[in-house]
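> Sequences and hints are given; from them, build the entire structure.
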Amino acid sequence: MHEETTPQPGSAAPQAVVLLSGGLDSMVCAGIARERGFAVNALTIDYNQRHRRELDAAAEIASFVGAQRHVVLPLDLRRFGGSALTDDIAVPKDGVGEDIPVTYVPARNLVFLSLTLAWAEAIGANDIFIGVNALDYSGYPDCRPEFISAFENIATLATKAGDEGQKLRIHAPLQFMSKADIAGETDRLGLNPGMSWSCYDPQPDGRACGLCDSCRLRKGGFEEAGLTDPTSYAA
Numbered sequence: 000m001h002e003e004t005t006p007q008p009g010s011a012a013p014q015a016v017v018l019l020s021g022g023l024d025s026m027v028c029a030g031i032a033r034e035r036g037f038a039v040n041a042l043t044i045d046y047n048q049r050h051r052r053e054l055d056a057a058a059e060i061a062s063f064v065g066a067q068r069h070v071v072l073p074l075d076l077r078r079f080g081g082s083a084l085t086d087d088i089a090v091p092k093d094g095v096g097e098d099i100p101v102t103y104v105p106a107r108n109l110v111f112l113s114l115t116l117a118w119a120e121a122i123g124a125n126d127i128f129i130g131v132n133a134l135d136y137s138g139y140p141d142c143r144p145e146f147i148s149a150f151e152n153i154a155t156l157a158t159k160a161g162d163e164g165q166k167l168r169i170h171a172p173l174q175f176m177s178k179a180d181i182a183g184e185t186d187r188l189g190l191n192p193g194m195s196w197s198c199y200d201p202q203p204d205g206r207a208c209g210l211c212d213s214c215r216l217r218k219g220g221f222e223e224a225g226l227t228d229p230t231s232y233a234a
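Under numbering that gives the first Met the number 0, the first residue of the sequence shown carries the number 0, and numbering increases by one thereafter.
Just so you know, these hints were derived from the structure itself, not from any lab.
Since this is a predicted model, take the numbers as computed values, not measurements.
Take these hints with a grain of salt, some might be off.
[Claimed, not checked] Distance ranges between label pairs, derived from CB positions: (1) 54 / 122: 20 to 28 Å; (2) 159 / 193: 37 to 45 Å; (3) 158 / 74: 16 to 24 Å; (4) 11 / 225: 38 to 46 Å; (5) 219 / 87: 47 to 55 Å; (6) 89 / 229: 39 to 47 Å; (7) 67 / 97: 38 to 46 Å; (8) 95 / 11: 16 to 24 Å; (9) 92 / 162: 42 to 50 Å; (10) 73 / 155: 40 to 48 Å; (11) 155 / 95: 31 to 39 Å; (12) 79 / 188: 33 to 41 Å; (13) 74 / 122: 15 to 23 Å.
The beta-carbon is built from N, C-alpha and C at its ideal position, and this holds for glycine as well.
Right, dumping it as structure tokens:
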């Protein structure tokens, strides 16, 4: 992984593309990109996921962090299926296990980062931010540091910008944070956690289920950090 860079004071804000799902991690990631002095361009992938409430959250977050542009890109992964988020498969509610759960969407971060890279190169941005986390992450393989490092190398090999000697950087500032650390970042950065949405299985009344892996990790993080999570949970 590269060393994190921060633009020098007085210089024009460099462009960065932030992969913004609307979840807690992506919100904090966007806040960190803004704090580091980057001009935020937010990319949200509408992959026809079960939890579409995230898309509304992403729009609110993009506006709050002052994104120059917010692109919502349609990509219907229900045509592929293979995940509880893109297929008629029940979202597990019995706690975070050790195996990769059925909420894993096949190669999602690889696909999403490829699209993020394409937009970054199109607008001349050399910096990409993604809110992956290697600690409290439900065991998804495409959240591992090895994957992020490998993709950064691929970005250089696969692009005209890389071929011309430009350094393309994949920033994963949440990589080694716990969920409590991430919850704490919302307070430090002045972000309202209520803007974000984490639940995999929103209830008919609009509340988060409170029992899926993502809800459990989120609730545990805020409790450990001693902070209030304004999310309304059904359980």
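> Would you mind marking each hint as holding or not holding in the structure?
Do the hints match the structure? See the list:
no.	hint	result
1	54 / 122: 20 to 28 Å	holds (22 Å)
2	159 / 193: 37 to 45 Å	holds (41 Å)
3	158 / 74: 16 to 24 Å	holds (20 Å)
4	11 / 225: 38 to 46 Å	holds (39 Å)
5	219 / 87: 47 to 55 Å	violated (29 Å)
6	89 / 229: 39 to 47 Å	violated (27 Å)
7	67 / 97: 38 to 46 Å	holds (41 Å)
8	95 / 11: 16 to 24 Å	violated (44 Å)
9	92 / 162: 42 to 50 Å	holds (48 Å)
10	73 / 155: 40 to 48 Å	violated (28 Å)
11	155 / 95: 31 to 39 Å	holds (35 Å)
12	79 / 188: 33 to 41 Å	holds (35 Å)
13	74 / 122: 15 to 23 Å	holds (19 Å)
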